[in-house]
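**Student:** This is what each chain is made of:
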Amino acid sequence: MIEVKDITKKFGRKQVLKGVSFSANKGEITCLIGINGVGKTTILNAIMALTPINKGQILIDGEKIKKESFDKLTFIPDAITVLPNMTIADSMQFMRDYYKSWNEQRATDLLQFFKLNPTDKIAQLSKGNTAKVNLLLGLALDVDYILMDEPFSGIDMFSREQIADVFTSHLIEDRGVIITTHEISDIEHLIDKVVLLDEGVVIKQFNTEEVREMEGKSVVDVMREVYQS
Amino acid sequence: MKVNFNNRDPVYVQVVRHFKEQIATNKLEPGQEIPSRRELAGQLKINPNTVQRAYKEMEEQGLIYTERNLPSKITRDEEMLQSVREELLLEAVHAFIASVHSIQVPFDELVELLREKYEEASDEKGGQQ
Amino acid sequence: MKSYLKLTSFELSRFFKLYLVLIAITIISQIIGVIVYSNSYLNEMNKVIYEEQMPKAEFLEVYGRSSLFNLTQTLWFLGPIALCIVALIFYVFFIWYRDWFGKNTFIYRLLMLPTARINVFFAKATSIFLMVLGLIALQIVLLFIENMIYQWMVPNEFRTDMVVSQVIQNFHILDIIIPTTITKLILYYAVGFMAVFVIFTGILLERSYRWKGIFLGIGYCAIAAAVFVLPIIIQELLQKNYLYLVELIIIEVILGLFVAACSIWLSSFLLKHRITV
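Protein chains in written order, with my numbering: chain U, 2 to 230; chain B, 945 to 1073; chain F, -6 to 270.
This is chain U alone, in the form it adopts within the complex:
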């Protein structure tokens, strides 16, 4: 379980996170939703120790992040994390070199799944294919948790469908996923849990099936209620 406990974060004078708490379980897809600029990316960065937090605590399976953790959880940011002059094969080699958790079989599967050409240069890929390479490099690791930042933003429809397919495939298996988005429609039926953020706080978190069952509401209904009141 990834536990985010009452974290706060200031950028200069601006308080971006004002005590955010939530948890994400293994085997579940947890979605952080918020209108842009509510600190979703900051939360993911904080979990990965890529930015310091002012207060609060983040635990991964009950422990603070340490170097070994990076073989246990992976972050797929909204930007490419390998060098633009690498080919896809180079970038895979880079990952293979450093990560014990690199799974060659899964990497090959993903390459086929996304129909990517390993000799293509990163710099010359379309936005959609760049996102797929990003996913490939993250998903090919045998990790327990995967963090994804806006995997659907600015990508063509077919790539979006392909990426959505990842979530139901064996590629995710029983891993814990935290995904941020401001556009729910692509994944409404794929997520287990929703964390709604606004103005740096969690305003509501719920289990999608429970909300449908108990209140007869869709995720969008709840969002409308929460954000428009």
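One or more hints might be untrue.
What the hints assert, rightly or not - Partner residues aside, some chain B positions facing chain U, computed with beta carbon under 8 Å:
(1) Asp953
(2) Gln976
(3) Ile978
(4) Pro979
(5) Arg982
(6) Asn991
To be verified - Listed below are the simulated DSS-like cross-link pairs for lysine-lysine, each with C-alpha atoms no more than 27 Å apart in a straight line:
(7) B/Lys989 to B/Lys971
(8) U/Lys27 to B/Lys971
(9) F/Lys40 to U/Lys67
(10) U/Lys67 to F/Lys265
(11) U/Lys19 to F/Lys205
(12) U/Lys101 to U/Lys67
(13) U/Lys218 to B/Lys1000
(14) U/Lys65 to F/Lys(-5)
(15) B/Lys971 to U/Lys218
(16) U/Lys56 to F/Lys265
(17) F/Lys205 to U/Lys15
(18) U/Lys116 to B/Lys1061
(19) F/Lys233 to F/Lys177
(20) F/Lys(-1) to U/Lys68
(21) U/Lys101 to F/Lys265
(22) U/Lys218 to B/Lys1061
(23) U/Lys27 to U/Lys15
(24) U/Lys218 to U/Lys11
(25) U/Lys128 to U/Lys68
(26) U/Lys73 to U/Lys194
(27) F/Lys205 to U/Lys56
(28) U/Lys56 to U/Lys68
(29) U/Lys65 to U/Lys19
(30) U/Lys205 to U/Lys56
(31) U/Lys194 to B/Lys971
(32) U/Lys11 to F/Lys177
(33) F/Lys205 to U/Lys27
(34) U/Lys194 to U/Lys6
(35) U/Lys6 to U/Lys128
(36) F/Lys96 to U/Lys128
Derived from the structure by calculation, the hints contain no laboratory data.
Glycine included, each C-beta is placed from N, C-alpha and C at the ideal position.
Position chains B and F against the provided structure of chain U, taking the given hints into account.
**Tutor:** Coordinates of chains B and F only, in the frame set by chain U:
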């Protein structure tokens, strides 16, 4: 398999319902293997946990059964299969009556119209075959 | 350790193309320099001796013998050295900032490697150091080659032969770059390594605290430099040499190690707890 899910009912309930329809119309036969949790999730593009929950629900209702580690199968229990058909029929009739009730049509007129339309639909279907 | 070595070779390969360009510029420029210098000396000599009929002895008196040392004072020779120095100083900063800026955000990957983050720091420092060493080795070899070309072009009687080490010793800048004694070598390069650590720490302070970090970074570099040169300044101010040279060197070594250790510790802390992508 393609299902249009609505966003307001629990997805697992919709999956169970979908299975019942398939069983009632004999598209799924007694004893037939059903897809694995992950296969179905992939086909329907829904969360595997949801499928898991739907399967659990169906197992509890006796719609499917699992022997050891083999894939789950549709029940062979005739009584059960019959009751599924009845349940769906009853549901459809309930919905029908509810909507017809609001138009306040006399019962005899309704029955007549019903017979007429039903035969028309059957003829059309028969003509196609 | 394995990650550190891999990262170091990776960092080297990232600068390798530009590095080759630097090497090529240095080789071409300095070799052309020898030829141009030797030719112009020979031309001058031909003009004066054969056209103006000046006796050889008088020519040598007026114009002096040529020497490799004179060559080292030309732009052909010093230009590429200056270029390499500037390029490497620039790269000390660029080696970090390139990972944050532009389209790629490689720093995400570097910080998410399943290895101690200080290894990234060491790898970057080592690769700078190795590149400096490489250029120096090149310069030494080049000096020998240039000496050969020069001796081959200019006749014996018109030149003052020097061995390469004499050329180096005679020329203060070269003497720093290519120390002629082991002690000097260790001292200069230890200071260089320390300076790289200090500057890296300054950069990481900036990367951790951004605007505030610029001042912190500059402040840290200033304090580190002050601590290091303190004994020398005190002696200068008091106008007295309390310490023998050996003692001064020992104190400097201790201070240098102290500053380097502080930089590594602070960098490690920043990379672990304060860095922001």
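**Student:** Hints first: check each against the structure and report whether it holds.
**Tutor:** We went through each hint and held it up to the structure:
1. Asp953: holds, 6 Å
2. Gln976: violated, 22 Å
3. Ile978: violated, 16 Å
4. Pro979: violated, 12 Å
5. Arg982: At about 6 Å, which falls below the 8 Å cut-off, the nearest Cβ of chain U leaves the hint on B/Arg982 intact, so it holds.
6. Asn991: At 5 Å from the nearest chain U Cβ, B/Asn991 passes the 8 Å test, so the hint holds.
7. B/Lys989 to B/Lys971: holds, 21 Å
8. U/Lys27 to B/Lys971: Measuring from Cα to Cα gives roughly 36 Å; hence the hint is violated.
9. F/Lys40 to U/Lys67: violated, 75 Å
10. U/Lys67 to F/Lys265: Cα-Cα ~9 Å, so holds.
11. U/Lys19 to F/Lys205: Distance ~22 Å between U/Lys19 and F/Lys205 Cα, so the pair holds.
12. U/Lys101 to U/Lys67: holds, 15 Å
13. U/Lys218 to B/Lys1000: Holds - the C-alpha atoms of B/Lys1000 and U/Lys218 are around 23 Å apart, at most 27 Å.
14. U/Lys65 to F/Lys(-5): holds, 24 Å
15. B/Lys971 to U/Lys218: With a Cα-Cα distance of about 31 Å, the restraint between B/Lys971 and U/Lys218 is violated, given a limit of 27 Å.
16. U/Lys56 to F/Lys265: holds, 16 Å
17. F/Lys205 to U/Lys15: holds, 15 Å
18. U/Lys116 to B/Lys1061: violated, 51 Å
19. F/Lys233 to F/Lys177: holds, 24 Å
20. F/Lys(-1) to U/Lys68: Given pair F/Lys(-1), U/Lys68 holds - Cα atoms ~17 Å apart, limit 27 Å.
21. U/Lys101 to F/Lys265: holds, 21 Å
22. U/Lys218 to B/Lys1061: Answer violated: U/Lys218 to B/Lys1061 is near 36 Å, above 27 Å.
23. U/Lys27 to U/Lys15: Between U/Lys27 and U/Lys15 the Cα gap is close to 33 Å, so the pair fails against 27 Å, i.e. violated.
24. U/Lys218 to U/Lys11: The hint is violated at about 35 Å.
25. U/Lys128 to U/Lys68: Distance ~31 Å between U/Lys128 and U/Lys68 Cα, so the pair is violated.
26. U/Lys73 to U/Lys194: Since the Cα atoms of U/Lys73 and U/Lys194 sit roughly 21 Å apart, the hinted pair holds (cutoff 27 Å).
27. F/Lys205 to U/Lys56: Holds: F/Lys205 and U/Lys56 sit about 20 Å apart, inside 27 Å.
28. U/Lys56 to U/Lys68: At roughly 21 Å apart (the allowed maximum being 27 Å), U/Lys68 and U/Lys56 satisfy the hint.
29. U/Lys65 to U/Lys19: holds, 21 Å
30. U/Lys205 to U/Lys56: Given that 27 Å is the threshold and the Cα spacing comes to 21 Å, the pair holds.
31. U/Lys194 to B/Lys971: violated, 33 Å
32. U/Lys11 to F/Lys177: Violated: U/Lys11 and F/Lys177 sit about 49 Å apart, past 27 Å.
33. F/Lys205 to U/Lys27: Outside the cut-off at roughly 39 Å; violated.
34. U/Lys194 to U/Lys6: Distance of about 17 Å is within 27 Å: holds.
35. U/Lys6 to U/Lys128: violated, 34 Å
36. F/Lys96 to U/Lys128: holds, 12 Å
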